[in-house]
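Asks: Order-wise, the sequence lines are chains F and L.
This note's numbering applies: residue 1 is where the first sequence begins, and numbers increase by one.
This note's numbering applies: residue 1 is where the second sequence begins, and numbers increase by one.
Accuracy of the hints is not assured; some may be wrong.
Put simply, identical chains are the same to the list, so a pair is met inside one copy or across any two.
Here are the computed lysine to aspartate or glutamate pairs in the DMTMM-like style, where the Cα-Cα straight-line distance is at most 20 Å [said to hold, decoys possible]:
{"id": "1", "residue 1": "K212", "residue 2": "D141"}
{"id": "2", "residue 1": "K46", "residue 2": "E63"}
{"id": "3", "residue 1": "K212", "residue 2": "E136"}
{"id": "4", "residue 1": "K46", "residue 2": "E9"}
Treat the hints as calculated values from the structure; they're not laboratory data.
Number of protein chains: 2
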Amino acid sequence: MIPTLTAFERSPDGGRGLARDMRIRWALEEVGQPYHVRLLSFEAMKQPEHLARHPFGQIPAYEEGGLTLFESGATVIHIAERHGGLLPADAQARTRAIMWMFAAVNTVEPSVFERVLVRILDRDAPWYEDRLRVLEDRIRDRLEHLARHLGNADWLDGGFSAGDLLMVTVLRWLGSATILDDYPTIAAYIARGEARPAFQRAFAAQLADFSKGAAPAP
Amino acid sequence: MIPTLTAFERSPDGGRGLARDMRIRWALEEVGQPYHVRLLSFEAMKQPEHLARHPFGQIPAYEEGGLTLFESGATVIHIAERHGGLLPADAQARTRAIMWMFAAVNTVEPSVFERVLVRILDRDAPWYEDRLRVLEDRIRDRLEHLARHLGNADWLDGGFSAGDLLMVTVLRWLGSATILDDYPTIAAYIARGEARPAFQRAFAAQLADFSKGAAPAP
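Based on the provided sequences and hints, a complete structural model is requested.
Replies: Put into C-alpha cells, the structure is as follows:
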C-alpha cells in the first residue's frame, strides 16, 4: 500500500527542504517506502476536505489505507514502527531515540522556529533586533547543551535514528545563521545528516515538487 | 521497581502544577504506579550530575532501573507502553493518540508557552503589548481549529488517552487568560481533565512538594 503525503504546492522555503513534509519524505526514503504526493495551495489547506486530514489546516498530512495522520513526529514514529532502520531494536535504546525525537520538536524547535517566524513576520517591527537577540540567546543555550552532549559522536545516541532525523531537520532552520559558526560539531552533525543518500533523495523530491508548483500555469 | 522523577525544588509556577513534571506525575497516577521524587534547586540543575540525566539542564528527568529519560512526552509514551490505560489497544487508535501527543507539544504548545515566557521575561519591554497581541492571535488560530475538531466530544479521539493528558497540561498554561472565555468547549475540556482523580492526586503531590521547597530552612 503506497501512502500519500500532502505538502505545500508552493513551499514558502523556496525549495530548500525546510517544510515539515521533508521529515516524512526523509523517513520514507530511509526505509525504502515509495509514496504519492498531493500538493495543496494555501487556500485549499483551509478547506473542510483538508481539515478532515489535518485539523489545524497545515501540512504535512499522511494517509495510508484507513489511517490519516498529521504531525510529522508521530508520522515518523509510525513509519519507524512499520519498517526497520529508524528505531533501535533494543527497548531502552528505542525509548531514548523517541526521547530525542521529542527533544528535537519540544526543546530545540520552539526557539529555532520562533526565530524563523520573527525573521519573516516582524522584520519591520521596531523591536525586531531586540527580539532576535533574545531568541538567539535562547538558541545558543540549547546549542551549547546539545554540543556538550554530542561531543565527538556522529549521532545523538549510538547509530543514526529517527531522533537524529528530526533533530537535523530542526537545526537546518538555522540555515546560514552565523550562530552555527560557533558550534562546529553541530554544523558537522547537520552536514552528516544531509549527506545521507536518503536525505538527498528526499531533498531532490521536494525540490522537484516545488519547481512544479512554482512553474507558471501553462 | 519504583521510578524516580526529578522536579523543581521550588517551581516558578508557585505550586499551580504548570511545570512539566506534572505530565509525568499525572500519567503515573493514571496507571497506578508509585514514584519517588528528587527535588533540585536551579543551581543543582546546571551541575554535571544533573546534566547526565537531562542534557539540557532542565526538569523533569525520569529514572527507572538503568533507563534515564528526559522529555515529558517521551516519558509519558514510555509509561503508556509499560502499563494499560493511556494508549488504546487498537493499532490505528494508538498511533492517533501519539499523534495528539505531538500535536500538543509541537502545534499548540509553542505559541502558548511563548506567551508564558513573554509575560514573565518581557513585561517591561516597549513592545510587550504588541508581542502579546501577535501571540494571542496565533493561539486563537490554534484554539479555533482545536474547538472545531473537538466539537461536543469529551476527548480528542474516543476515550481519554495520553494525547488528552498532554493537551490539557499545555492548555492549562492559558490559565485565567480571558482568551478561554471565547472557547467554552475547550475550557470544559480542560476542566474535564482536571476533574480526573489521577490529575487531582498528581496536583496534590506537586503542591506538597512545592510547599516543602518553599518552606524556610529550619
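Asks: Under a CA distance limit of 20 Å, which applies to K46 and E9: within one copy, between copies, both, or neither?
Replies: within (13 Å within a copy, 45 Å between copies)
Asks: Using 20 Å as the alpha-carbon threshold, which applies to K46 and E63: within, between, both, or neither?
Replies: within (18 Å within a copy, 43 Å between copies)
Asks: Under a CA distance limit of 20 Å, which applies to K212 and E136: within one copy, between copies, both, or neither?
Replies: neither (35 Å within a copy, 36 Å between copies)
Asks: I want to check one pair: K212 and D141. Are their C-alpha atoms no more than 20 Å apart within a copy, between two copies, both, or neither?
Replies: Neither: 39 Å inside a chain and 30 Å across chains, both beyond 20 Å.
Checked against the numbered hints above, the structure violates hints 1, 3; every other hint is satisfied.
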